[in-house]
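Undergrad: One-letter residues, chain by chain:
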Amino acid sequence: MPENNIDVQQLIRNMKAGLDQYLQEHNRKNPLFIGIHTGGVWVAQQLHNLYCASLPLGKLNIAFYRDDFSRIGLHPRVTPSSLPFDVSDRHVILIDDVLFTGRTVRAAMNELFDYGRAASICLAVLVDRGGRELPIQADVAGKHLDLEANQHVKLSGPEPLALEITTAE
Amino acid sequence: MTSHSIQLDQHGRLIHFLTTEGLSRQILTSILDYAESFAGVGGRAIKKVPLLRGKTVANLFFESSTRTRTTFELAAKRLSADVLNINIAMSATSKGEALQDTLHTLEAMHCDLFVVRHGNSGAAHFIAGQVADNVRVINAGDGRHAHPTQAMLDMFTIRRHKPDFESLRIAIVGDIAHSRVARSNIHALNTLGVSDIRVIAPKALIPEDVESLGVQVFHDLNEGLRDVDVITMLRLQRERISNAVLPSEEEYFQCYGLTEARLSVASPDAIVMHPGPINRGIEIDSQVADGERSVILQQVSHGIAIRMAVMAMVMGVAPGDGMVGE
Amino acid sequence: MRIVIRNGRLVCPAQQLDELGDLYIADGRIVAAGKAVDGFTADLEIALEGQFVCPGIVDLSVHTREPGFEHKATIASETEAAVRAGVTSMVCPPTTRPVTDNPSVVELIHQRQTRLDKTRIYPLGALTKGLEGRQLTEVAALRQAGCVGLSNADNPITDTEVLRRAFEYAVGFDLPVFIHPEDSYLRNRGVMHEGKISTRLGLPGIPETAETIAISRALLLIEQTGVRAHFCRLSCARSVELVAAAKQQGLPVSADTGICYLYLTEMNVDGFNSQCHLWPPLRTDRDRQALLEGLRSGVIDAVCSDHQPHDEDAKAAPFSSTEPGASTLEVLAPLAFSLASTRGFKLEHIIGALTCRPASIIGINAGTLAESAPADLFIFDEGSQWTVNAEKLASAGKNTPFDNWEMGGKVTCTIIDGKVMFRDL
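Chains as they are written, first to last, in the numbering used here: chain A, 1 to 169; chain B, 1 to 326; chain C, 1 to 425.
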């Protein structure tokens, strides 16, 4: 069983190392950093700082793209997406905190394409916990966790970032 | 039973949007917040989000209004809904029957949302009482009763310029008696905490006991505009003159028309609003309508975001389901 | 048919009678009320335990909708509802199609009534042809045919000269003129009381002055012409004052109000409740209190149902497009009796407002349990509570503003002309 004391900063360093390698292997220059609300933006902010990227960080709120809208309605609070750049023909690093079913990432990519046609998208996540329901995989992950269906990973932040694993009865 | 209770479900969520009356500050604020989120959609490469994909919105206009109909249509399309525009000329004899027949026909076509504009007060309310559980109704103006999306786009415009509602002084000028915009604005402003709301008009255009809605009445424009932060000018219908309510357009403009000179008694950064369409030279001078204080064109573009927000909210509540988690 | 009703509480305001006793009926007439009749052999004996036995209700306004509007209701459906409501005589306004402005319509109504043989019908003749407010009707012929009064119903006469002439002409035939006081210009397109609620709902309002100016105008013409006049459905406080002053002055006027106006106000219209779309409109609570006081003091002589049955479509539309009126026959007696317990009215006074006083307004021999009077009466059981269910009303009109209201008492038996028309004992 995974321990509850996870060093988030270590995971971010893991992501940085994985991304360095990925960008080099795929020869991707000047990528755009885009985080998915809310946890993904926190993680993306830290990576963005580490890379000293020139363009500002993009923030994506996928509330309007969720596939469960007709079942559960609008999320109570929606911070607007903000992509203060043109994504067309650019390499994008899409960042989220936890990769689980893959539905959030699908929604995020749908939204991203409504802003323009990116040259490529690379998915980087803090934690890959398995349990996919869609054919979506992370290119870079800070950590892989093997969790049961009744376990829940939650990132709190933004300062400091901390991961907590809880188990539903 | 009151005129507004039908628009909430048993969990207090908005399922129809018929009037701003009786809605909580929290609901009104979330309409404004959602509208902020949707406001960005118009500036993107693809001006659409897929929220209402596969849903059908019927614009049911018993009273023609190109502008309102167009913004509702655009809002629905930006939410990826399919849109039916139905303009129904009303014959004086068979209003009631025509309305029920039309409703049943559209329900048979599986429309999910009716956007209703009707000349009779209470029409949207009546329709909301008739439709099936899973069908939603948005009031796009009913008689003199309510025009809630117009009121919310006015609130949105005000908030963008003056975020602190509680400290505002607001004047609504013109035909209050026959104005659904005035009523919906007054309810919304009260709920959002505005304590100084003034209505300014000749006595014949002020409805009986209007003070009970939470406003102060002025018959003198200069007195009423003193130090206000927001001025909403209402359109004057020509029939008020033919029906002996007022003597002439000229005298109305002299006494109640908004000019640069009159504006000078208001707060120096006051904004001027108008729900449109404008009668230049009757209720407002062109110089003011096109001037730097005027936010009339902003109101129009905010109308789309507000209507997207309201559509998304009412369509996001499935019949009979529980509360959303999170 | 010889009937004896034993041990009832006999209330007959016409004779100041209120006592426990027996009532004897033979050959369609009252034989005795309260006094024992030796050797009376009854075909039917109704044994009570102190329930009320009252003269049958004389209802000053029931729209049967026939002829002309049979999709709403018929004489058959509404006289059936009437007998269940304790109403043994009813006045029907001339708003039929064709309008009751000539003897043939009156005859037609009487033929229907005679065949059905239930509640007695007393039509009002139109004051002007087609209710158009221009040409006078043939009053002699209408009276001959059986009209008990004249009225222009809900089409107020706008031309004051025509009104004067109509009053003058009626004087010669000693028929009362029933006036629905309204200034149609001031009403304009109003559909509810002009006030706080109309302002909130954005519904066109009807000012109080639409009624009071019409009353004032009529009173001056009544004074001038000497016509006997009855004001129908007073709705506001100022109207009560005007009629009170006229009575004080000795003018030959009487007045009624509908049962709805004693229970409902403009507040009930909230939510665009088309069942409370009435004409004249429901007004403020202050007006309602004044009407109750007017009834108590006698300024308002009678309370009627103002029964207006409608088909479903008539009420299923946005408020302004719905038709005014409520189906009220079956709640009239229980709501009126309740005024005694809830508002401290003398029961005898309430029953008088339902029986002998309306009977004297239209000049018929009814509304009394006096010896040899026609045996029209009803039994009312105060102990029998029930809940109004619109769908279960006997009237063809299910349009009641009182759906789901608790009623403190019900009519359990109605006798007309010495025959048991309805019995639920």
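Rather than coming from a laboratory, the hints here were simulated on the basis of the structure. Careful, some of the hints might be misleading.
[As the list claims (entries may be wrong)] Taking lysine to aspartate or glutamate and the EDC-like style, the derived pairs with C-alpha atoms no more than 20 Å apart in a straight line are: (1) B:48 with A:86; (2) B:47 with A:139; (3) C:419 with C:45.
[Stated by the list, open to error] A short list of chain A residues far from chain B (calculated; beta carbon distances all over 10 Å): (4) 9; (5) 11; (6) 12; (7) 24; (8) 25; (9) 61; (10) 74; (11) 100; (12) 101; (13) 116; (14) 128; (15) 130; (16) 136; (17) 148; (18) 153; (19) 164.
[Said to hold, decoys possible] On the chain C side, residues computed to face chain B include the following (Cβ under 7 Å): (20) 190; (21) 199; (22) 201; (23) 272; (24) 321; (25) 323.
Backbone N, C-alpha and C fix where the C-beta goes; we use that ideal spot for every residue, glycine too.
Undergrad: Given residue 323 of chain C as an interface hint, is the shortest Cβ-Cβ distance to chain B below 7 Å?
TA: Violated, because the Cβ-Cβ distance from residue 323 of chain C to chain B comes to roughly 9 Å (cut-off 7 Å).
Undergrad: Less than 7 Å between beta-carbons is the criterion; does residue 321 of chain C satisfy it with respect to chain B?
TA: Cβ of residue 321 of chain C sits 5 Å from chain B, so the hint holds.
Undergrad: Would you check whether the claim that residue 25 of chain A is not at the interface survives, using Cβ distances to chain B and the 10 Å cut-off?
TA: holds, 30 Å
Undergrad: Given residue 199 of chain C as an interface hint, is its Cβ closer than 7 Å to any Cβ of chain B?
TA: holds, 4 Å
Undergrad: Please verify that the nearest CB of chain B lies beyond 10 Å from residue 100 of chain A's CB.
TA: holds, 15 Å
Undergrad: Can we trust that residue 11 of chain A is non-interface, i.e. its beta-carbon lies farther than 10 Å from all of chain B?
TA: holds, 24 Å
Undergrad: Examine each Cβ of chain B, and state whether all of them lie more than 10 Å from the Cβ of residue 136 of chain A.
TA: Holds, because the least Cβ-Cβ distance between residue 136 of chain A and chain B comes to about 18 Å, which exceeds 10 Å.
Undergrad: Can we confirm that no CB of chain B comes within 10 Å of the CB of residue 61 of chain A?
TA: violated, 7 Å
Undergrad: Between residue 419 of chain C and residue 45 of chain C, is the straight-line Cα distance small enough, at 20 Å or below?
TA: holds, 13 Å
Undergrad: Can we trust that residue 116 of chain A is non-interface, i.e. its beta-carbon lies farther than 10 Å from all of chain B?
TA: Given that some Cβ of chain B is not farther than 10 Å from that of residue 116 of chain A, nearest at about 5 Å, it is violated.
Undergrad: Please settle this one: residue 128 of chain A was flagged as non-interface, so is its CB more than 10 Å from every CB on chain B?
TA: Its Cβ never comes within 10 Å of chain B, the nearest being 22 Å, so this holds.
Undergrad: With d taken as the least Cβ-Cβ distance between residue 74 of chain A and chain B, does d exceed 10 Å?
TA: violated, 4 Å
Figure legend: structure checked against the earlier numbered hints; hints not met, in rising order: 2, 9, 10, 13, 20 and 25.
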